[in-house]
Amino acid sequence: MTLSPDELVYFTVGPFAVTATLVFTWVVMAVLVVSSALVTRGLRVEPPLGRGQLLFEALIAFVLDQIREVTRQEPRRYLPFAATLFLFILVSNVLDVVPGFHAPTGSLTTTAALALAVFFAVPAFGIARLGLLGYLRTYLEPTPLMLPFTVLGELTRTLALAMRLFGNVMSSGILVAILLAVAPFVFPALMQAFGLFFGVLHAYIFTILALVYIASGTAQAEKRAPARNGGGHV
Amino acid sequence: MSETALVAIVSIFTAGITTAIGSAAAAIGEGRAAAQALQSIAQQPDEANTISRTMFIGLAMVETSGIYCFVIGLILIFANPFWGAFS
Chain D
1 MTLSPDELVY
11 FTVGPFAVTA
21 TLVFTWVVMA
31 VLVVSSALVT
41 RGLRVEPPLG
51 RGQLLFEALI
61 AFVLDQIREV
71 TRQEPRRYLP
81 FAATLFLFIL
91 VSNVLDVVPG
101 FHAPTGSLTT
111 TAALALAVFF
121 AVPAFGIARL
131 GLLGYLRTYL
141 EPTPLMLPFT
151 VLGELTRTLA
161 LAMRLFGNVM
171 SSGILVAILL
181 AVAPFVFPAL
191 MQAFGLFFGV
201 LHAYIFTILA
211 LVYIASGTAQ
221 AEKRAPARNG
231 GGHV
Chain C
235 MSETALVAIV
245 SIFTAGITTA
255 IGSAAAAIGE
265 GRAAAQALQS
275 IAQQPDEANT
285 ISRTMFIGLA
295 MVETSGIYCF
305 VIGLILIFAN
315 PFWGAFS
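In order, the protein sequences belong to chains D and C.
Under the working numbering, the residues of the first sequence are numbered 1 to 234, in order.
Under the working numbering, the residues of the second sequence are numbered 235 to 321, in order.
Just so you know, these hints were derived from the structure itself, not from any lab.
Backbone N, C-alpha and C define an ideal beta-carbon position, used for all residues, glycine too.
Be a bit skeptical, because a hint or two may be false.
[Stated by the list, open to error] Covered by chain D, per the in silico footprint, the following chain C stretches (three or more residues, Cβ under 8 Å): (1) 286 to 293; (2) 296 to 308.
[As the list claims (entries may be wrong)] Okay, the calculated beta carbon distance ranges per label pair: (3) C:G292 - D:V151: 17 to 25 Å; (4) C:A239 - D:V34: 50 to 58 Å; (5) D:L64 - C:Q277: 28 to 36 Å; (6) C:L240 - D:G131: 57 to 65 Å; (7) D:P99 - C:A268: 32 to 40 Å.
Taking the hints into account, I'd like the entire structure generated from these sequences.
Have a look at this one:
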């Protein structure tokens, strides 16, 4: 049994091993890029809209709504980052039911990379919104005594973000593999359907948590500002 | 009994105990959170969107400890770093 797609090495180029993780990340990227290119080629405004355009518009509207509700800020600024995370994890988890496809999110390297992207995006968005000093001041709130815990929390939440996605995707794959050995008739298909649901759910949870972290790094100065417009929700 | 066998016995036993306690504790916590969220939705159906989103986030947080236990169990069984340590 292979625990992670990192152990499947297809070929090596110099010092780099081309693993299943890398190959299927490319597959997911190709699926996303090609489908987006095909759909955006024939965008229309009049009523006979294409199915693809409706699907993509619904997806983007959904992500925009979630960003607006979680961060309570103008959602366009965070749309590229959040939607990229959501679509990549979603497509990768959903394609996991295709036989022969190893979800790249079932490898700790991919999820660690995604969590590191969130880890660096939080100060980037925070500095872009509050300025360097304003962002650094959020570490001293509500009191400088909490500084060590805040820094520790930044590190552990990144670890938890990576381990949660990895553990869930890998565990659903391993459950199916164990069931195939124990009761190979109907139950693996049921577990696959269950894994499909959890894959979508965890794409959603990863994106929402990333947005919650970004919101906590960008919105704290607004609470201290005098309540001009009734509560600081811009 | 060789030392490798001892490592195997302790590892398998610990993996089972870790998964059992970890999953049971996480399940209790998630069950309480979900029950409370359902009660809140029943009382305030208009806020169902906000409540369920917050519940999902909270469930993911609670589940993290269970996932940690599961990963530790898997490491103990499939990727134990102490297999060759005593031979």
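Do the hints match the structure? See the list:
| no. | hint | in the structure |
| --- | --- | --- |
| 1 | 286 to 293 | holds (count 3) |
| 2 | 296 to 308 | holds (count 7) |
| 3 | C:G292 - D:V151: 17 to 25 Å | holds (24 Å) |
| 4 | C:A239 - D:V34: 50 to 58 Å | holds (53 Å) |
| 5 | D:L64 - C:Q277: 28 to 36 Å | holds (29 Å) |
| 6 | C:L240 - D:G131: 57 to 65 Å | holds (59 Å) |
| 7 | D:P99 - C:A268: 32 to 40 Å | holds (33 Å) |
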